[in-house]
Amino acid sequence: MPKTFLDRLDALSEKTGVPALARGTPRRRHLRWTPVVALVLASAGLAVGLAAGPVWRNIGYAVLMVGFSIATMLPLLGPLKPWGTAERVDEFDRATRDRAFFVAFASVSVAAVIGIWLVMGFALLVNWSRETLLWALALLSLYLMTLYGTVPTLHASWATRPIGDDED
Amino acid sequence: MPAIHNRIALFRAERGMSRRELAEAVGVNPQTIGYLERGDYSPSLELGMKIARIFDVPVELIFSFEPFESVAQALRRAGGEA
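Here the protein sequences line up with chains A and B, keeping their order. Numbering-wise, this note's numbering puts 33 at position 35 of the first sequence, and it's gapless, one number per residue. Numbering-wise, this note's numbering puts 66 at position 63 of the second sequence, and it's gapless, one number per residue.
What the hints contain is simulated information worked out from the structure, not anything from laboratory work. Possibly wrong hints are sitting among the right ones.
Cβ pair distances, simulated, as ranges [what the hints assert, rightly or not]:
| # | chain 1 | residue 1 | chain 2 | residue 2 | range |
| --- | --- | --- | --- | --- | --- |
| 1 | A | Ala18 | B | Ser67 | 36 to 42 Å |
| 2 | B | Ala12 | A | Arg21 | 49 to 55 Å |
| 3 | B | Ala12 | A | Met118 | 55 to 61 Å |
All C-beta atoms in this analysis are idealised placements derived from N, C-alpha and C, irrespective of residue type, glycine included.
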């Protein structure tokens, strides 16, 4: 029987992974390089956004936003099962998640301290205006959120080796 | 922390049990059994005892701080003693 338009739409929505997520059976995988890409983009965007002139500043912001957007998708697809998920979370999942988020919180804390001093230093040295200072703080906040989104997936993906379904 | 060695794969093969079946029996994901068998993860006391109960053996027969003798070595030793 040929597939109808609605069947094709169903198949398309399945491919997005959202229905599996709602059922509690998403296909989680080790994402070793995607978080690295997100972090590189976010770091480059932050550097350009803080150091460059008005035109490049917006480009830096755009690059940082791309990194941030990738970071928001990682918890949906990565190896860590988030709190409150419908999936079965066993002791191994909890241990992996605890370690990954411990590293993430440490990274965010260190980056926040360095970032605040950096922004304050720039503001004093270059005599930033109030708007520039607010802009820099907004970029820093986005960067910290990107770190929070990427580091747990990055840690979990490199700390464990994937196990295939066929290894029975 | 010392590594904990185990013979889960051996017991599972002996009973003809799949990873998924053992995982269901002890209430974890099949991948977790895989990580245990590969030595990438040391189980909690609760999980260790649950696994031992499934195979109906004392927990020290499955888990040990020292590496277990391989089946081939055990057979050779048994053949030498006979």
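* To do: Kindly confirm whether 49 to 55 Å is satisfied by the beta carbon distance between Ala12 (chain B) and Arg21 (chain A).
  => Between Ala12 (chain B) and Arg21 (chain A), where Cβ atoms are some 31 Å apart, the hint is violated.
* Asked: Taking the beta carbons of Ala18 (chain A) and Ser67 (chain B), is their distance inside 36 to 42 Å?
  -> Hint holds: Cβ distance 39 Å, inside 36 to 42 Å.
* If you check the beta carbons of Ala12 (chain B) and Met118 (chain A), does the distance land in 55 to 61 Å? -> At roughly 57 Å between Cβ atoms, Met118 (chain A) and Ala12 (chain B) fall inside 55 to 61 Å, so the hint holds.
In the structure shown, a violation is registered for the earlier hint numbered 2 alone.
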